[in-house]
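Given next are the chains, with one letter for each unit.
Number of protein chains: 2
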Amino acid sequence: MEKNNHFDLISYLELRTQRIEKILETYFPKAKGYEERVISASKYSLLAGGKRFRPILCLAGCEVVGGDWERILLFAAGLECLHTYSLIHDDLPCMDDDDLRRGKPSCHKAFDPATAILAGDGLQALAFEFFTHPELVKKVNKTRLLKAIYWVSKAIGLRGMVGGQMVDLLMEGKKGNPKVLKWIHLHKTVCFMEASLLSGALLGGAQSKELRVLSSYGKNLGFAFQIVDDLLDIIGDEKKIGKKTFSDVKKQKLTYPALFGLEKTKALASKHIQKAIESLKFFGNRGEPLKALANFIINRISTSSKSIQNEQVSL
Amino acid sequence: MEKNNHFDLISYLELRTQRIEKILETYFPKAKGYEERVISASKYSLLAGGKRFRPILCLAGCEVVGGDWERILLFAAGLECLHTYSLIHDDLPCMDDDDLRRGKPSCHKAFDPATAILAGDGLQALAFEFFTHPELVKKVNKTRLLKAIYWVSKAIGLRGMVGGQMVDLLMEGKKGNPKVLKWIHLHKTVCFMEASLLSGALLGGAQSKELRVLSSYGKNLGFAFQIVDDLLDIIGDEKKIGKKTFSDVKKQKLTYPALFGLEKTKALASKHIQKAIESLKFFGNRGEPLKALANFIINRISTSSKSIQNEQVSL
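Line by line, the protein sequences are chains A and B. Just so we're aligned, residue 1 is where the first sequence starts under our numbering, counting upward by one. Just so we're aligned, residue 1 is where the second sequence starts under our numbering, counting upward by one.
It cannot be assumed that every hint is accurate.
One copy or two, either will do: identical chains are not told apart, so a pair holds if it fits within one copy or between any two.
As the list claims (entries may be wrong) - Below, in silico cross-link-like pairs of lysine-lysine (DSBU-like), each with a Cα-Cα straight-line distance of 35 Å or less: (1) K142 - K219; (2) K306 - K275; (3) K243 - K271; (4) K51 - K239; (5) K30 - K271; (6) K32 - K147; (7) K175 - K104; (8) K271 - K244; (9) K32 - K219; (10) K275 - K179; (11) K264 - K32; (12) K43 - K182; (13) K142 - K209; (14) K219 - K271; (15) K32 - K142; (16) K51 - K251; (17) K281 - K32; (18) K251 - K30; (19) K209 - K139; (20) K182 - K32; (21) K175 - K30; (22) K32 - K179; (23) K175 - K264; (24) K51 - K250; (25) K43 - K219; (26) K266 - K32; (27) K51 - K281.
To be clear, the hints were calculated from the coordinates, so they are not data collected in a lab. Here the structure is a predicted model, which means the values were calculated and not measured.
Kindly produce the complete structure, drawing on both the sequences and the hints.
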């Protein structure tokens, strides 16, 4: 099944995902007083599975520059808190109004909008608690840690992810163009993915040249990821992607399939993946995990789509 | 007018407020692309005035332990971003549903709920961008900075401010008791105020003993602040407090006036202020600014209330 014969991506992901889950469960605050409801709501969304792709990127960024990924697990776990907060808020009725997430009712459906807003707010704060946790601080270079937090804060902020989500909402039902669409993808998705990778690399001791190469890889990977995500809204299997399909279509979201059609969009995703893999040459064999991750993204088009699943069943 | 003849609180506040405003304006991100709307919304709420009480506490905490407050202005400014984010989200229709804030339409009225959620989210991220800004990092001890961020993150998180707001909402219209009320105040308001003060002290080079004293002062001041805030919901002058009065009453919020009546509530606020001032003895003359701030809080009962304003007019 795997394109990368020499690298066992499944075991690679399994080990790291398990370790991230363990950290999230261990360090997640336990209710001590009356705050039970908001703790439950945030935990409900955070521990609902998910690919843990951003923390994985962070760990992979650390590893590719020769760092020890086990030392920065708390940082990686913080990135997942940020991602989950963004999903909870994006799903709200006044935002994207999505009822299903990670295969379960979204947070505001399982609880209510006020609780969901607070759960998201709390998860954002929790991320920074993880980033500055004494257990992490004693294991990494402090100057690099502060820089990593700075990069991530910018990536998820007003001129990053939040700005991207704003424009994504504003463009609903409007006639868009490739320039605006690229801007939305860059800000809503790519910046944070790139920052996840680069923060891991920074904490792993990356040099400037390594950061430049990873920045190029991260950007291409991020664009490919979002393009594939847009594609799966149309051709995806709801059970496999854990959310309703045709959600973007119904909301008249500005997406690549909407602008260019399915085939051209697939080709564009492939082009980004090729470019991402190309930049990895710099790292030689060390780049294998990142190469496998890039292939994993593009393979989602087939492994998570409806038609291919049926073909697999009929084999 | 001032109770503290030897200390000019007005000049003290004026200088620091001006410097904080200047930092907020200078470092506030400028829209570079299509994110104009969310930048405007967050700026609208952040630069709408306000007492800047949390950043002031942070600077005062730094000063009282002999630190240079001008070095940590970016940190203090970050605290105001956090406070403003919490106000924007608290005011949302599905939360406290308040239309007026800092004397202007609240963010979701001036814009819309989706934009207000994103503006709040972006301000929370911006706070951490400020906390780890290279301009700040080069001026302070990095270990202390990371610890300060850790404390603040916890104070505003699921088991802090966010948890407090959750329970505040859950108790609306319900029969409460002093224990729950104290828990709400502690989590919703006191923890963050205390953390604002302590983070400043930490960055100013505070010793453990100093932090313990300031923790006691901060907690008492925080409780007094929230009790006075509850009082002003009933006896306050809307123009002076910048928000609608009887808002808590209408929503059947659990407050001290609701549980104990006005007089007992005033006495309780005074008791907390006395305790706060008592703990300052440790600092000798250096404690003057914090003493004046404590008196400022309790004096709001008279300076911001309707009746006294009329009396002053008639003098």
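How the hints compare with the structure:
For the identical chains of this complex, K142 and K219 are neighbours both inside a copy (26 Å) and across copies (30 Å), given an alpha-carbon limit of 35 Å. When the C-alpha separation of K306 and K275 is checked against a cutoff of 35 Å, the pair qualifies only within one copy, where the shortest distance is 27 Å, while the shortest distance between copies is 67 Å. Taking the shortest alpha-carbon separations for K243 and K271, only the intra-copy value of 26 Å comes in at or below 35 Å, while the best inter-copy value is 54 Å. Taking CA atoms no more than 35 Å apart as the test, K51 paired with K239 passes inside one copy only; the shortest distance there is 14 Å, against 51 Å between copies.
When the C-alpha separation of K30 and K271 is checked against a cutoff of 35 Å, the pair qualifies only between copies, where the shortest distance is 33 Å, while the shortest distance within a copy is 45 Å. In this assembly of identical chains, the alpha carbons of K32 and K147 lie at most 35 Å apart whether taken from the same copy (33 Å) or from different copies (22 Å). Proximity of K175 and K104 under a CA criterion of 35 Å is satisfied in both settings, with 32 Å inside one chain copy and 34 Å between copies. Taking the shortest Cα distances, K271 and K244 sit within 35 Å of each other inside one copy (27 Å), while across copies they are farther apart (56 Å).
Within a single copy, K32 and K219 get their C-alpha atoms only as close as 41 Å, which misses the 35 Å cut-off; across copies the closest is 19 Å, which meets it. Taking identical chains as interchangeable, the C-alpha atoms of K275 and K179 lie at most 35 Å apart only when both belong to the same chain, with a minimum of 20 Å there against 60 Å between chains. Taking CA atoms no more than 35 Å apart as the test, K264 paired with K32 passes between copies only; the shortest distance there is 29 Å, against 53 Å inside one copy. When the C-alpha separation of K43 and K182 is checked against a cutoff of 35 Å, the pair qualifies both within a copy, at 33 Å, and between copies, at 26 Å.
Both within a single protomer and between protomers do K142 and K209 lie at most 35 Å apart by alpha-carbon distance, with minima of 21 Å and 25 Å respectively. Taking the closest pair of Cα atoms, K219 and K271 come within 35 Å of each other only inside a single copy of the chain (12 Å); across copies the shortest separation is 57 Å, beyond that limit. In this homomeric assembly, K32 and K142 come within 35 Å of each other (Cα to Cα) both inside a single copy, at 31 Å, and across copies, at 31 Å. For the identical chains of this complex, K51 and K251 are intra-copy neighbours only, at 25 Å inside a copy versus 42 Å across copies, given an alpha-carbon limit of 35 Å.
In the homo-oligomer, the alpha carbons of K281 and K32 lie at most 35 Å apart only across protomers (33 Å), although the nearest pairing inside one protomer, at 51 Å, exceeds that limit. In this assembly of identical chains, the alpha carbons of K251 and K30 lie at most 35 Å apart only when taken from different copies (29 Å versus 38 Å within one copy). Taking the shortest alpha-carbon separations for K209 and K139, both the intra-copy value of 24 Å and the inter-copy value of 27 Å come in at or below 35 Å. Taking identical chains as interchangeable, the C-alpha atoms of K182 and K32 lie at most 35 Å apart only when they sit on different chains, with a minimum of 14 Å there against 45 Å within one chain.
Taking the closest pair of Cα atoms, K175 and K30 come within 35 Å of each other only across two copies (26 Å); inside a single copy the shortest separation is 47 Å, beyond that limit. With identical chains, the CA atoms of K32 and K179 are at most 35 Å apart between copies only, with a shortest distance of 14 Å across copies and 49 Å within one. Only within a single protomer do K175 and K264 lie at most 35 Å apart by alpha-carbon distance; the minimum there is 19 Å, versus 61 Å between protomers. Only within a single protomer do K51 and K250 lie at most 35 Å apart by alpha-carbon distance; the minimum there is 25 Å, versus 45 Å between protomers.
For the identical chains of this complex, K43 and K219 are neighbours both inside a copy (30 Å) and across copies (29 Å), given an alpha-carbon limit of 35 Å. For the homomeric pair K266 and K32, the shortest alpha-carbon distance between copies (30 Å) is at most 35 Å, but the shortest distance inside one copy (49 Å) is not. Taking CA atoms no more than 35 Å apart as the test, K51 paired with K281 passes inside one copy only; the shortest distance there is 26 Å, against 55 Å between copies.
Of the numbered hints listed earlier, not one is contradicted by the structure.
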